[in-house]
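What follows is the residue order along each chain.
6 protein chains.
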Amino acid sequence: MAESVFLAELSWSAFQDKVAKNVLVFVPLGATEQHGPHLAMNVDVVIPTAVCERVARNVGGLVAPTIAYGYKSQPRSGGGEAFPGTTSVDATTFALVLRDIIRSLGSDGIRRLVVLNGHFENSWPAVEGVDLGLRELRRDGISDMRVMRLEYWDFVQRSTLDRLFPEGFPGTELEHASLLETSLMLLLRPDLVDLAKVPDDGPAKFPTYDVYPTPEGFVPASGVLARAHGASAEKGEWLMRDHVDLITKAVRSEFGL
Amino acid sequence: MAESVFLAELSWSAFQDKVAKNVLVFVPLGATEQHGPHLAMNVDVVIPTAVCERVARNVGGLVAPTIAYGYKSQPRSGGGEAFPGTTSVDATTFALVLRDIIRSLGSDGIRRLVVLNGHFENSWPAVEGVDLGLRELRRDGISDMRVMRLEYWDFVQRSTLDRLFPEGFPGTELEHASLLETSLMLLLRPDLVDLAKVPDDGPAKFPTYDVYPTPEGFVPASGVLARAHGASAEKGEWLMRDHVDLITKAVRSEFGL
Amino acid sequence: MAESVFLAELSWSAFQDKVAKNVLVFVPLGATEQHGPHLAMNVDVVIPTAVCERVARNVGGLVAPTIAYGYKSQPRSGGGEAFPGTTSVDATTFALVLRDIIRSLGSDGIRRLVVLNGHFENSWPAVEGVDLGLRELRRDGISDMRVMRLEYWDFVQRSTLDRLFPEGFPGTELEHASLLETSLMLLLRPDLVDLAKVPDDGPAKFPTYDVYPTPEGFVPASGVLARAHGASAEKGEWLMRDHVDLITKAVRSEFGL
Amino acid sequence: MAESVFLAELSWSAFQDKVAKNVLVFVPLGATEQHGPHLAMNVDVVIPTAVCERVARNVGGLVAPTIAYGYKSQPRSGGGEAFPGTTSVDATTFALVLRDIIRSLGSDGIRRLVVLNGHFENSWPAVEGVDLGLRELRRDGISDMRVMRLEYWDFVQRSTLDRLFPEGFPGTELEHASLLETSLMLLLRPDLVDLAKVPDDGPAKFPTYDVYPTPEGFVPASGVLARAHGASAEKGEWLMRDHVDLITKAVRSEFGL
Amino acid sequence: MAESVFLAELSWSAFQDKVAKNVLVFVPLGATEQHGPHLAMNVDVVIPTAVCERVARNVGGLVAPTIAYGYKSQPRSGGGEAFPGTTSVDATTFALVLRDIIRSLGSDGIRRLVVLNGHFENSWPAVEGVDLGLRELRRDGISDMRVMRLEYWDFVQRSTLDRLFPEGFPGTELEHASLLETSLMLLLRPDLVDLAKVPDDGPAKFPTYDVYPTPEGFVPASGVLARAHGASAEKGEWLMRDHVDLITKAVRSEFGL
Amino acid sequence: MAESVFLAELSWSAFQDKVAKNVLVFVPLGATEQHGPHLAMNVDVVIPTAVCERVARNVGGLVAPTIAYGYKSQPRSGGGEAFPGTTSVDATTFALVLRDIIRSLGSDGIRRLVVLNGHFENSWPAVEGVDLGLRELRRDGISDMRVMRLEYWDFVQRSTLDRLFPEGFPGTELEHASLLETSLMLLLRPDLVDLAKVPDDGPAKFPTYDVYPTPEGFVPASGVLARAHGASAEKGEWLMRDHVDLITKAVRSEFGL
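Those protein sequences? They're chains A, B, C, D, E and F, same order as listed.
Using the numbering used here, you'd call the opening residue of the first sequence number 313 and step up by one each time.
Using the numbering used here, you'd call the opening residue of the second sequence number 313 and step up by one each time.
Using the numbering used here, you'd call the opening residue of the third sequence number 313 and step up by one each time.
Using the numbering used here, you'd call the opening residue of the fourth sequence number 313 and step up by one each time.
Using the numbering used here, you'd call the opening residue of the fifth sequence number 313 and step up by one each time.
Using the numbering used here, you'd call the opening residue of the sixth sequence number 313 and step up by one each time.
I should point out that these hints are in silico values taken from the structure, not numbers from a laboratory.
A few of these clues could be false.
Okay, derived cross-link-like pairs now, DSS-like style, lysine-lysine, Cα gap no bigger than 25 Å in a straight line [stated by the list, open to error]:
no., chain 1, residue 1, chain 2, residue 2
1, A, LYS561, A, LYS547
2, D, LYS330, D, LYS561
3, D, LYS517, E, LYS561
4, F, LYS561, A, LYS517
5, B, LYS517, C, LYS561
6, F, LYS517, A, LYS561
7, B, LYS509, B, LYS547
8, A, LYS330, B, LYS509
9, E, LYS517, D, LYS561
10, E, LYS509, F, LYS330
11, B, LYS330, A, LYS509
12, B, LYS561, B, LYS547
13, B, LYS330, B, LYS561
14, A, LYS561, A, LYS330
15, B, LYS509, A, LYS333
16, D, LYS333, D, LYS561
17, D, LYS333, C, LYS509
18, F, LYS547, F, LYS561
19, A, LYS509, B, LYS333
20, C, LYS517, B, LYS561
21, C, LYS509, D, LYS330
22, E, LYS509, F, LYS333
23, C, LYS547, C, LYS561
24, B, LYS561, B, LYS333
25, D, LYS509, C, LYS330
26, C, LYS509, C, LYS547
27, F, LYS509, E, LYS330
28, F, LYS509, E, LYS333
29, D, LYS509, C, LYS333
Just need the whole structure built from these sequences, with the hints factored in.
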């Protein structure tokens with residue numbers, strides 16, 4: 313069996329050896345969510361998994377299986393649940409999954425954890441999951457697990473954004489199925505991108521509030537919230553380099569690696 | 313974007329077209345669980361995903377993302393939670409995940425579902441998840457979703473088992489990290505098998521009851537419950553052919569495909 | 313007040329004396345479930361209670377009140393919830409009841425527990441209930457409770473089954489309201505058996521999968537899954553002797569009694 | 313199989329015939345709780361079951377299995393959880409059990425239900441359980457189930473209390489393991505009463521508030537809250553007659569029987 | 313910033329100083345519930361908050377924010393949920409809120425707590441909330457928090473009731489929107505009382521049982537369960553003096569203040 | 313009883329009249345959270361309540377009681393739970409409270425709701441609470457409730473921020489106990505502000521990730537995340553005018569008022 317950076321590709325005994333060396337484990341949080349007519353629905357699984365894989369190689373860590381079903385898509389950040397194929401779970405469900413994974417890894421001896429999120433809406437249920445997981449571990453007598461929790465897109469240089477958006481960055485929330493994600497997918501899985509189908513109906517113009525149920529026309533019909541035109545694998549490469557370099561640096565700094 | 317049998321590799325609009333044709337969706341249930349020193353811990357993800365993929369091709373269905381964290385491993389069927397790397401969730405958590413997926417797919421218009429299980433301990437929480445999912449859908453006014461639920465290993469011909477176990481089949485429960493799973497992994501992911509590490513400490517001799525906490529020595533130290541010697545990709549091929557053919561046949565029969 | 317093997321027939325002070333001697337407590341798990349037109353619906357309460365009573369006498373233990381509402385009946389093992397009178401609870405509900413009982417007994421000082429199941433579908437929620445109960449006790453500082461968990465029907469000699477089924481044992485799952493249960497009820501509560509109503513519509517021919525909602529005709533109309541003809545109190549006696557002897561032996565062995 | 317007033321002593325087909333006639337079902341709520349050194353711990357099971365049995369005979373109803381594990385005993389009404397043998401469940405657990413029973417009976421066609429409580433602390437979780445059960449049934453399209461919920465001890469004539477307490481009735485809350493319950497047990501199960509052990513340490517003098525954790529000496533050491541001296545089967549007979557007559561009358565009136 | 317008896321009107325640093333002196337905290341439990349056509353719906357918030365405020369001044373304690381949404385109103389004690397404006401939560405929700413508050417205050421260092429209830433139906437979910445909160449704290453290593461739990465109306469002298477009800481006190485349960493609450497509101501918030509609208513349709517005549525769904529005419533149309541005529545601020549003053557004096561005395565006695 | 317914009321200051325019958333006119337209800341979401349040494353802990357209650365009150369007057373709406381216990385404070389946005397006095401609830405608890413309020417108001421006939429949040433961390437549990445509440449209502453046959461959900465601070469003109477922050481706005485997340493909140497409190501409750509205690513230790517310099525447990529020194533010791541110097545009631549007035557005007561406009565637009 314070859315060496316692997318993926319936890320589940322190890323045997324339990326190989327994993328045990330890693331635990332003995334206080335290995336750092338990454339838990340990527342993904343989703344199955346519409347990303348426009350030009351992208352597959354696994355964008356939020358592919359990207360954070362790829363980032364974790366690269367950072368884990370840099371720091372000698374392991375990547376646990378990516379959670380593939382995320383918290384419910386919201387109209388203003390992901391288009392919302394009404395798009396067919398978006399397959400999501402309730403907040404309590406999501407938090408319990410992460411709680412249980414943390415409890416399980418903690419009882420195995422893992423003391424360094426990075427929860428790396430790739431789906432905007434997961435952010436808060438993930439905060440809760442981490443809190444519940446650490447609470448349970450403390451009650452089981454384990455109080456020395458340290459957890460970093462982050463969104464990969466927050467790790468990018470200002471200069472990179474400037475290169476990507478010469479006319480100004482529209483902001484993270486609208487970056488759904490748009491330039492950044494499309495470029496990263498062109499880098500990672502070009503077979504799952506169809507540039508010919510990039511829509512022209514964006515960018516979304518949202519009010520500063522939510523409305524439920526989602527009104528007709530609230531979300532662009534394509535599900536794409538900002539423009540994806542101009543996406544390229546090269547730009548994906550710029551982004552990926554930032555994500556990996558900056559997260560690697562942060563992880564090293566926090567865990568003294 | 314190429315055609316794909318994996319739901320999450322489609323765009324939402326491509327998926328919508330499938331829904332309009334009443335596409336059948338497979339939900340593979342996996343686990344991250346020790347499978348002895350000679351197998352990776354993703355056996356229960358790799359095999360049911362592969363079975364689903366093949367059956368889905370046969371019947372024109374789609375495969376949703378595999379649930380990678382299963383219900384807690386039990387000593388008599390999987391070695392138990394004490395093996396490092398086995399990363400599991402509580403029964404309620406597991407059932408809620410499946411409930412939410414079913415509710416989500418049902419509200420998208422999916423009316424034909426196959427829940428295909430690859431981890432013994434998932435069986436009953438999966439029953440609950442299906443029941444809760446259909447209950448919620450009924451309360452949302454959707455009462456015509458039809459769900460098959462199955463364990464892939466129940467689809468094998470007697471003659472195949474006789475060929476595999478000339479001295480008699482030890483039974484499904486002990487088939488953990490043993491001949492069948494090892495052969496299937498040799499077929500599907502030989503890079504995740506290390507035959508040199510197949511242990512000699514089995515087969516497990518369990519009493520007809522559980523004991524908690526698991527006593528010292530209750531489970532073979534290797535985590536392998538029956539013998540894995542003699543496993544081969546060819547035998548994996550025999551099994552896979554049975555699983556795929558018989559499940560295809562059952563699915564066609566149940567859904568009139 | 314006479315001595316009693318039933319916990320709830322003792323005063324608290326008498327129970328306290330037993331706890332001081334580290335008494336073993338049995339928790340029987342039952343159900344209120346259809347058992348064909350010829351048997352009452354309390355079969356899964358009567359039998360495990362009777363087994364517990366007899367084993368408890370043998371080992372000087374106590375029998376806690378039987379849980380009378382079980383996990384939801386499944387078509388392939390109990391006929392399913394559609395039969396009127398089958399009155400069941402959700403998996404989480406069942407697990408919480410058992411969790412709470414274990415926590416309550418543990419905080420009273422009980423350290424030896426046997427959870428004896430008489431309803432097939434309870435098996436897995438019972439596993440979860442035991443795990444949750446012990447988890448809570450550990451967090452309350454109690455880590456030395458030891459729990460056995462078993463299905464009574466797994467304690468039978470091969471030779472007894474051969475005597476009962478000269479043409480071959482159809483297997484545990486189909487043993488619902490059939491020869492074994494009918495014989496045991498004839499032994500224990502003949503007033504709750506009406507042999508004249510033993511149906512002829514079995515044995516059930518189930519596929520190797522579940523279908524939800526249960527299709528018309530999936531389950532024999534009588535709710536009886538295998539043949540009950542030939543049942544007798546004498547056969548019930550053979551079975552009961554095996555159950556009691558073998559469980560007594562196992563309990564003695566596990567708890568060093 | 314003899315006719316029986318107990319639901320679980322019927323076959324499903326006999327029960328089905330009753331349902332077709334709109335049978336009224338009683339669900340007795342009990343507990344396993346200390347009742348002093350002179351009474352068994354099943355007092356709250358024995359009495360409500362007996363009341364239900366008699367009323368059911370009067371009105372042609374059926375008695376479902378008694379819930380044997382009640383909500384947590386409170387110091388001021390039952391002595392509290394610290395007494396060994398008191399085996400109780402959390403409020404949510406109790407409410408879920410009752411919810412599920414009501415949903416299950418409602419889906420069988422039952423439209424008339426009496427929830428008859430025999431354990432003070434069950435009162436409010438039972439209110440919640442009924443509310444949740446009816447809520448679920450409404451969402452399943454069943455809105456015509458009618459439920460009575462009562463404590464049996466509220467059905468007694470003033471004149472009977474005057475006969476029993478010539479010096480004044482100390483009130484329901486203190487009636488734990490005292491004159492009323494002891495008399496009823498002498499009537500119903502004299503084998504579970506040991507009058508020689510009636511303690512002298514009562515009556516309890518409680519403040520008008522709870523304190524947690526329960527302070528030393530808050531509850532009489534015996535667990536008996538008021539005096540049990542003078543209890544007799546004859547007095548139990550007076551009480552039982554009132555309970556049965558008055559509840560029968562109320563049930564007939566509410567359900568037009 | 314002025315000194316305040318209300319916890320939330322302090323800065324965190326001022327609160328920290330109080331914690332260092334082992335300050336006693338009051339948690340008032342209220343509701344938003346109909347109180348007849350002559351009273352506002354915040355009666356169960358205004359009164360317990362006012363009682364807490366006064367007692368807290370007496371004993372040097374702090375008053376945490378009042379819980380404004382209570383457990384579901386019941387027909388026999390509050391008129392029931394059908395009255396528009398009654399806005400309530402499920403039992404589990406209520407218990408979890410109180411559990412979390414207790415856990416949060418306990419982890420801050422609070423060791424003396426008074427949970428003071430102003431809404432009849434909150435009583436039992438509050439018992440559960442306290443139990444769950446203390447259970448969690450124990451598991452977090454904090455076992456020395458002491459909690460008093462009380463209903464303010466239980467602190468009144470017999471002589472006061474005799475003065476208020478020369479013809480006899482109808483009892484606590486019917487005291488909903490009636491003489492006592494109306495008088496207290498005239499004292500505390502006369503702007504929220506409209507004596508001209510005091511209805512004449514009471515007192516309610518309830519059976520000794522609940523019926524669900526609530527039958528037509530079960531509850532007086534006004535929502536007032538007993539007579540409110542004769543209410544006055546002066547009578548409110550008599551009551552408030554009793555409540556404050558007697559609760560102050562009990563708190564001092566229990567906490568040795 | 314005077315007319316009031318606060319729902320709980322109406323009688324049920326006055327509220328009923330409002331419901332008949334399809335009144336819009338505001339639910340303010342608050343918290344009890346540290347806001348530095350110079351502000352009381354009820355900032356997140358005072359401000360959203362005041363905003364709701366003013367907007368409700370503008371549009372003829374009603375303000376339901378403010379939820380006073382919010383979701384757990386996070387280090388990067390509120391300082392975190394470690395500050396004494398911050399008293400918070402779990403995500404599930406918070407969502408259930410909001411779910412129940414929405415269900416309760418919906419069953420009363422309310423069809424227009426504004427959920428106005430004043431505590432950053434409440435945002436996502438509020439999204440979940442709204443979703444669960446509307447889901448329950450739909451299952452109860454009510455599908456025409458429309459809900460706006462917003463954070464009040466998102467309603468401010470760019471020009472106002474420019475006036476307030478001539479050197480550039482540090483961003484919403486750091487605006488905790490800083491210039492904006494301090495100014496608003498000086499306007500609304502100057503008695504709860506102590507400008508002399510405004511700390512100098514900010515602004516916080518957070519990394520772009522969370523760390524759990526919160527490391528020493530991660531959060532400024534004062535709990536203030538950005539500078540509060542320069543706060544004034546006049547600036548509070550500028551802000552309040554924007555919040556009220558812009559939210560009024562949005563509400564009118566969404567609900568066609």
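Taking the numbered hints from earlier one at a time, note which ones the structure violates and give those numbers from smallest to largest.
none
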